[in-house]
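Trainee: Now for the letters of each chain:
Protein chains: 2
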Amino acid sequence: MASRRKILSAGLGAAAAVMGGRRAVAGTAGTEGALGAPLLSPPYGQPSPYEASVVRKLWHPTSIPQIGVSLTPLQDLHGIITPSGLHYERHHAGVPSIDPDRHELLIHGMVHRPLMFTMDDLLRLPSVSKIHFLECSGNSQLWKAAPATATVQDTHGMLSCSEWTGVRLADLLDQAGIAPGAHWVLAEGADGAAMTRSIPLAKALDDALVAYAQNGEMLRPEQGFPLRLLLPGFEGNTNIKWLRRLKIGAAPWMTREETSKYTDIMPNTGGRARQFAFIMEVKSVVTTPSGGQTLRGHGFREIRGLAWSGRGAIKRVEVSVDGGATWRDAALQGPVLPICLTRFRLPWHWEGAPATILSRATDDHGNVQPTHDALVAERGPAAYYHYNAIHAWSLAETGVVTNAA
Amino acid sequence: MASRRKILSAGLGAAAAVMGGRRAVAGTAGTEGALGAPLLSPPYGQPSPYEASVVRKLWHPTSIPQIGVSLTPLQDLHGIITPSGLHYERHHAGVPSIDPDRHELLIHGMVHRPLMFTMDDLLRLPSVSKIHFLECSGNSQLWKAAPATATVQDTHGMLSCSEWTGVRLADLLDQAGIAPGAHWVLAEGADGAAMTRSIPLAKALDDALVAYAQNGEMLRPEQGFPLRLLLPGFEGNTNIKWLRRLKIGAAPWMTREETSKYTDIMPNTGGRARQFAFIMEVKSVVTTPSGGQTLRGHGFREIRGLAWSGRGAIKRVEVSVDGGATWRDAALQGPVLPICLTRFRLPWHWEGAPATILSRATDDHGNVQPTHDALVAERGPAAYYHYNAIHAWSLAETGVVTNAA
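Residue numbers (this note's numbering), protein chains in the order written: chain A, 2 to 406; chain B, 2 to 406.
Bound conformation, chain A alone:
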């Protein structure tokens, strides 16, 4: 308690001491005795107008408005749940409008009994809820230097976390009956691009969900309403949205998304690519302070960030404020769940000296987040996906924070 008191005392340079009752009534002027807004305007609640700047940010690689990415504003978020209205998106052909009463899921191919499920069928079956992160394999394009102006929304915003509810895919496949020799599952979406990926049968039988709900309510349209695949820890694009078909087979289908896209060209191989590198590796980032923020005033402040691993639970997060010369262990907010964002926090006093702020995560399988140099050395100059290196923010004497990666 003594050390906690010490931490806080220093922080209270920020809070004003009040001379015994001189300002007896605090709070905002003008609300006393005045009626506020009526109930249920609007019936489905919205954020405060004062939070209007907390929105997703758009990135269009082409001129087609249905193709692109929207990024989650991690710098403004707290805890681990991402509000569904701020979940990142990656679309290949825009958001289809699907009537759930007309939507069906077909399971066919190397099965004893092909099956077709309506949404009503699926909603009757045994359900499970899990809190898991989703991350795009293209998140953090930091293989090459990014602008100093980049925010954590720019560098890490293809990352979100929700409570998902659905049916275990293993239960559906058990009913269809897997034929001998089957090793892969083709998952197909009902968007205009018919987004299609091959998934190892072992993953489908392990922890895969056919999910219909997100953060308590039915999926948002942008997240696959009324049905999506959820493959905990696998790169986002494999978690097929608007899921309409699962075909069981002996070998992967070599779709466009696993040949021309979402593969990793590896160094010293004559241009050969690593394929089916599904798992999002251990990673972390400091969200406060982060790029674009300005620290106002010296003294106590808390360093906060997020850590995650597609292989399991976060075991440890270390934070450095001197560019990696020394490290301190951050506290992890419980419950620390597997394949889930974990919020970490470290008390800190900033007295105005320049600082370089890093975080380094370790998961419960012993995987440690690599340095940028180590990752680039391993993956080579043509790397594009699966960047998970330690990230650096630079804090100037002025309090201005910039990207240093």
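Watch out, some of these pointers could steer you wrong.
Said to hold, decoys possible - Where chain A lies over chain B, by a calculated footprint (3+ residues, C-beta under 8 Å): (1) 39-45; (2) 48-60; (3) 76-83; (4) 86-99; (5) 215-222; (6) 301-307; (7) 328-342.
Unchecked claim - Short, incomplete list of chain B residues facing chain A, as computed with Cβ under 10 Å: (8) 121; (9) 130; (10) 163; (11) 348.
Keep in mind that the hints were calculated from the coordinates and are not lab data. Every residue gets a Cβ at the ideal spot worked out from N, C-alpha and C, and that includes glycine.
Based on the hints, put chain B in the right spot on chain A.
Mentor: Leaving out everything else, chain B in the frame of chain A:
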């Protein structure tokens, strides 16, 4: 696995078997090859238009639109997180609009050092995130029989659950320095009614939070933006929204909300009231099937519901489909967190016979949800708040579910 297979096999009366590939393409017609909606329309995402009926329901005890209750549609929700746009509300004077840059929190009274905090001050301090339910003490007005048409939104909808982030009140009070003889805290809101409650100092020093965020983003206006008190397990009205003042004192202040309201007149006492009965006791309710729903078709379906206790974690939930003659243990979805909604589930085959469906929760302190008769016998004919008895739904041969409480 054998029993799981048996459960599901029966359920697949619902799913259509498909003759080997005759219907090779499933899903919704009309999306193939068509571009969907562009990204970021709107920038802050909204539910599917097909979910337009999943909204809060209004109850106004007077003609004043700023006074009333909005109820969470529990029958349509999954998992444990309540979407912030569907969180229940209880307002005494409407929703004030508060500029966070002008909002301050005063701590004064029996303290060594009165303090005033801006929102910036609070956001710098050590933070904590917890998933907790909130329930209005007036939830479930079932002391007397409710209409057969009542839904679970009507009977239990003043109940929601969020991930809350804020500062430990104990940390703030430690800085102010509690004077000898102090035992209570007065908490005051900045709404037009200046909603005010007396809180035991022991609670304030235990697990109370001064919360600024909910489900990842800043509080919704209806939930106290920019600052509220969060008292895990205490009746909703004590979790003062738009929190602007905390006064430390020796005795409770006997505000309107703890004399004329929010007290329990007890039987055989000559009209004396139980006061400061803060804790929401162990409780549960089946949400599927529930009042207003119609079961379509016989065979497998899952019985689902929610259990919670203001005293700790849920230890056990039993379900009966024969009006309490026999009970079976439901599965609890993990992680089972203290003072948090817990989702329970039980596989069930319904073959068309009438059924009376009940659930009974037990918490980790050994408290068991009482029967209606036992609760009424204990609390008497003038009871109004703190109803937590076992709830019954009646299922007819037609599949129609009605309230039986």
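Trainee: Is the shortest C-beta separation between residue 130(B) and chain A less than 10 Å?
Mentor: Cβ of residue 130(B) sits 4 Å from chain A, so the hint holds.
Trainee: Against chain A, is residue 348(B) within 10 Å by beta-carbon distance?
Mentor: holds (6 Å)
Trainee: Check, residue by residue, whether the region 76-83 of chain B contains three or more positions whose beta-carbon lies closer than 8 Å to a beta-carbon of chain A, and give the verdict.
Mentor: n = 7 at 8 Å, threshold three: holds.
Trainee: Apply the coverage criterion to the region 48-60 of chain B and chain A: a residue qualifies when its Cβ sits closer than 8 Å to a Cβ of the chain, and three qualifying residues are needed.
Mentor: As far as the region 48-60 of chain B goes, the hint holds, because 9 residues have Cβ atoms under 8 Å from chain A.
Trainee: When I compare C-beta atoms, does the region 86-99 of chain B have three or more residues closer than 8 Å to chain A?
Mentor: As far as the region 86-99 of chain B goes, the hint holds, because 11 residues have Cβ atoms under 8 Å from chain A.
Trainee: Residue 121(B) was flagged as interface toward chain A. Is the shortest Cβ-Cβ separation under 10 Å?
Mentor: Interface hint status for residue 121(B): holds (7 Å vs cutoff 10 Å).
Trainee: Between the region 301-307 of chain B and chain A, are there enough contacts, at least three residues with CB-CB distance under 8 Å, for the coverage claim to hold?
Mentor: holds (count 4)
Trainee: Go through the hint on residue 163(B) and say holds or violated, using the shortest Cβ distance to chain A against 10 Å.
Mentor: At about 8 Å, which falls below the 10 Å cut-off, the nearest Cβ of chain A leaves the hint on residue 163(B) intact, so it holds.
Trainee: Establish whether the coverage given for the region 39-45 of chain B by chain A is satisfied; the threshold is a Cβ-Cβ distance below 8 Å, and no fewer than three residues must meet it.
Mentor: holds (count 5)
Trainee: Counting residues of the region 215-222 of chain B with a beta carbon closer than 8 Å to any beta carbon of chain A, are there 3 or more?
Mentor: It holds: at least three residues are needed, and the region 215-222 of chain B offers 7 whose Cβ sits within less than 8 Å of chain A.
Trainee: For the region 328-342 of chain B, count the residues whose Cβ lies under 8 Å from any Cβ of chain A; is that count three or more?
Mentor: holds (count 3)
Violated hints for the displayed structure: none, as all numbered hints are satisfied.
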